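Peer 1: Starting from the structure of chain A, add chain B where the hints point.
The listed protein sequences derive, respectively, from chains A and B.
Here the first sequence stands for residues 146 to 443, where the numbers follow our numbering.
Here the second sequence stands for residues 493 to 895, where the numbers follow our numbering.
FYI, nobody ran anything at the bench for these hints, they're computed from the structure.
Where hints are given, some of them may not hold.
Claimed, not checked - Computed beta-carbon distance windows for the label pairs:
id	chain 1	residue 1	chain 2	residue 2	range
1	B	Q577	A	L275	15 to 25 Å
2	B	A506	A	G252	15 to 25 Å
3	A	I319	B	V626	56 to 66 Å
4	A	V219	B	N550	39 to 49 Å
5	B	A740	A	V219	30 to 40 Å
6	A	K253	B	T690	26 to 36 Å
7	A	D432	B	W773	44 to 54 Å
8	B	S580	A	K438	51 to 61 Å
9	B	L868	A	I291	15 to 25 Å
10	A	K253	B	N680	48 to 58 Å
What the hints assert, rightly or not - Only part of the chain B face toward chain A is listed, based on derived beta-carbon distances under 7 Å:
id	residue
11	T690
12	V719
13	I742
14	A829
15	S833
16	T837
17	F855
These numbers were taken from a predicted model, which means no experiment stands behind them.
Glycine included, each C-beta is placed from N, C-alpha and C at the ideal position.
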Amino acid sequence: MRFHFEFVRHWKTWFLVSALLVVLALGAFFIRGLNYGIDFTGGTQMNLKFVHPVTTTAIKKVLDQDHLYGSTVVFLGQGRLNVQITTPTISEHERTTLLTQFGKQVGKFQEISTNRVSSIIGQQTERTALIAVVLAVVAIIMYITIRFEWRFALSGIIAMVHDVIITVGLIALIHIQITEYFIMAVLTIFGYSITDKIIVFDRIRENLAKKKKQETLEDLVDKSLNQVLVRSINTSTTVVIALLALLIFAGSSIRDFALTMLFGVIFGTYSSIFIASPIWLLWRNRDLKNKKKKMASA
Amino acid sequence: MRQKSMIKFFALVAVLIAAVYYFLAVNPITNHLRYGLDLKGGVTATYQAEPAPGEPVNKETMARAMSILGFRVNALGVSEPVIEQVGSNRITVDLPGVKNPEQALQFLGQTAVLQIKSPTGKVLLSGGDLKNAVAGIVNGQYVVNLTFNAQGTKIFAAATKKYLGKPLPIYLNGKLVEAPIVQSVIPNGQAQMSGNFTSLQQAQKIALLLQSGALPVNLKVLDVRTVSATLGHASVVASKVASIIAIALIGFVMIVWYRLAGFVADMALLIYLLLVVGALWAIHAVITVPGIAGLILSVGMAVDANVIIFSRIREEMINGKTPRASVAAGFRHAIRAILDSHVTTFVSSLILFFLGTGEVKGFALTLMIGTAVSLLTAVSVTGVVIRWVADAGWAKVRSIFVG
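The following block holds chain A by itself, in its conformation from the complex (with noise of 0.2 Å):
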C-alpha cells in the first residue's frame, strides 16, 4: 500500500480545527472548571457496599446531621449497592460514628475503602508535578535541539502543549474526578506525544539530508508524513487496543485514568502530522525567506 495525501497544503484548516478545539477546551477549563478529588481538596473518601440498596437521600439525612454539608454521595457501579462517599476531612472519632449512624439508619455495609488526605499532600502533588513537567520540558527540547534542531524542538512542544490542553479540556467537560492517576495519564501523554512527533521529524529530518534541488519543502514533508502514516496508524492501534483493554476491563481508578490517555493518544497521534509538522513548515520557510531577503539586500 502507498498513499499519498496532501496534508500540508491544508494546513489552516488544520489549524483552524485545533484552534477551535483548543479554545472550546480552555473554555471548558475556565467555564467548567476541574473536578478535583481528594487528593488535591483534601478530604475523606468512603467506599461502602451495602448489603441492600440505598438511596442518597438516605446517606445525605445521615451526613447532615454531622453538619457534613460539603460531602458528596456517588453510586459506583450497578444496583444502588457501592456508594462513594466523599467529605470533608473528618477526625477518626467522627468517621466511626459517622459509620455507626450509616448502619443504624441506613443499613447493613462492608468498608471497602477508605482514603483520608490532607490538602497540603494534593497542593504539594500538583506542585511537583508542575515542576516534573517543566523539567520534562526543558530536557525534552535541549534533547530535540541536540539530535535535530531547536525548530523541531519548539514545533514539537507546541504541538504537544495544544495535546494536553485538549485532553484536559474534554476531561474538565465530561466532569471526571481527578485524582493522582490523571496527573500520572497528562504526563504520560507528554510522552507519548512527544515520542509520536520525534518519529515523524526523523523521517523529515533523513529527507531533508536526500533533498533534491527541484523538490519543494512541502512536497518534502508531504511525502515524509504519507512514509510515517502506517507507521503511526499502528502504534496507535496497539495503544489504544492496550487502553481499551484497560478501560473495560480494570477497575475503577485505572479507567479515568486509561480515558484520559486515549483522549491523549488520539490527540498526540493527529497533532504529529496535522499541527507539529506544518508549524516546523512555516517556520522553516519564512525563516528561508528571511534570509533569501538579507541575501537580497546585502
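Peer 2: For chain B alone, coordinates are given in the frame of chain A:
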C-alpha cells in the same frame, strides 16, 4: 548459513515456549512479585514530622523516629510492613492486611514521654533512662514494671534515698499518673507504675510505647488510604485480565499485519515481558495499579519499536532491495528514530521518578525499566532474529513484508 539461521530460529522458539511454560504454569513468576497495598489490601499512611519542643526535624531525629516506628510496627505483628522516608520530613508506613487501620495508626504515632519528678517538680528520670518496660498483673491490678539502665538505676537509687517517705510523682505525656510514696531505698533500678489501666492490653501498650522510646518529633497524619482485601483482590484479577487481553490482542494484530515478522515481534515482546517482570522482581519493586499501567504503556513503546522496524524493512523491499539488504538497511534507519523516542521517554520518566511521590514513582519506575528493556529487545531480539529470517531465505519472505 541458511540452515544455521533456521536452526537458531527454531531453537529460540523452543527455548521461548519452554520459558513461557515455566514462568506461567510451572513456577508462575507473578507469585514472586511484591504487590502494593492497592492490590493486596491494607493501609498506607503518610506522616509529617513536626518539631517537638527541643527537637528539630533533621536527619538524626527522622532516623530515630523511623526506627521507633519500626519497633512499634513489629509489635503490631503485621507481615511485610514497609516504612519509608519521603522527602526530608515525611514518613510513609505500609501495613498490609491490617484489620483496624485507624487504631493501628493512632498507636504508631503516639508519644509516650515518661517522667519521674522530685516532690518539688524537678525532672529526675525520663524515658531515656529506661532499659525495659513490661506489663504485668500485681494483686489483680494491671501494672507496668520499669527497669532502669545503669545510669537510671544510680539516679533512682539516689532519689529513693533522698526522698524516702516522700512521694515521687510519675508523669506520662505530662499527665500525672500516680505519686507513690517511697517506702525504701531501691538500689536495683526496679520500679512499678500502676496507673489506672483497665486492661492488660492497655498496660502492654503503654509498656511497649515506653520500650520503644518517645518519638523525637510529632507525627501528624497527612494521608491515610485503606483498601479492603476483597477490593485489592478484585483489582489484581481485573488488572491481570486487562493485561492478558491487551497483550493477546496486540500479539494477534502484529501477526495479522506483519505475518512472520509479526511472529518475530511477538517473540521479542515475550522476551521483553519476561525481562521487565524479571527486572521488577530483581529490584524488589512493589507492583501497584499505576505500575501495571506503566507496564502496559511501555508495552506500547516496545510494539512501536517493532512496527517502526518492519515499516522500514517493508519500504526497502518495495524499493526493490533483496530481503537481506532490506532488513539491514531498514533496521539501520529504524534504530535512529527508536533511539530518539526511547531516550526522550526515558528522560521524562526519570524526572518523574525523582520528583514524583508514591504512585507516580511506581508508574515512572515501570516506564523507565520498560523503555530501557524495549530498546534492548528491539536491537537484540527483533534486529537479530529478523536477520535470521532473512538469511534462512524462506521463499515467501518478500511477500511477508510487502503484503
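Peer 1: The structure should be examined with respect to each hint, and the outcome stated for every one.
Peer 2: Do the hints match the structure? See the list:
For Q577(B) and L275(A), the hinted distance range of 15 to 25 Å is satisfied, since their beta carbons lie about 23 Å from each other. Between A506(B) and G252(A) the C-beta distance comes to about 59 Å, which lies outside the given range of 15 to 25 Å. Take I319(A) and V626(B): their Cβ atoms lie about 60 Å apart, and the range 56 to 66 Å holds. The supplied range of 39 to 49 Å is met by V219(A) and N550(B), whose beta-carbon atoms lie about 43 Å from each other.
In this structure the supplied range 30 to 40 Å holds for A740(B) paired with V219(A), their Cβ-Cβ distance being about 33 Å. Range check, K253(A) to T690(B): about 30 Å between beta-carbon atoms, so the 26 to 36 Å window is met. Between D432(A) and W773(B) the CB atoms are about 52 Å apart, so this pair conforms to the stated range of 44 to 54 Å. For the pair S580(B) and K438(A), the beta carbons lie near 56 Å from each other, so the given range of 51 to 61 Å is met.
Judged by the Cβ atoms, the range 15 to 25 Å given for L868(B) and I291(A) holds: they are separated by roughly 23 Å. Restraint check, K253(A) to N680(B): a C-beta distance of roughly 56 Å satisfies the suggested window 48 to 58 Å. Nearest Cβ of chain A to the Cβ of T690(B): about 19 Å, over the 7 Å cut. The hint is violated. Checking V719(B) against chain A by beta carbon gives a least distance of about 5 Å; that is within 7 Å, so the hint holds.
The interface hint given for I742(B) is met, as the beta carbon of that residue sits about 5 Å from the closest beta carbon of chain A, less than 7 Å. Because the smallest distance between the Cβ of A829(B) and any Cβ of chain A comes to about 4 Å, under 7 Å, the interface hint for this residue holds. At a threshold of 7 Å, the smallest CB-CB gap from S833(B) to chain A is about 4 Å, leaving the interface hint in force. Taking 7 Å as the C-beta contact cut-off toward chain A, the hint placing T837(B) at the interface holds, the least distance being around 5 Å.
At its closest, the beta carbon of F855(B) sits 5 Å from a beta carbon of chain A; the interface hint therefore holds under the 7 Å criterion.
Checked against the numbered hints listed earlier, the structure breaks hints 2 and 11; every other hint is satisfied.
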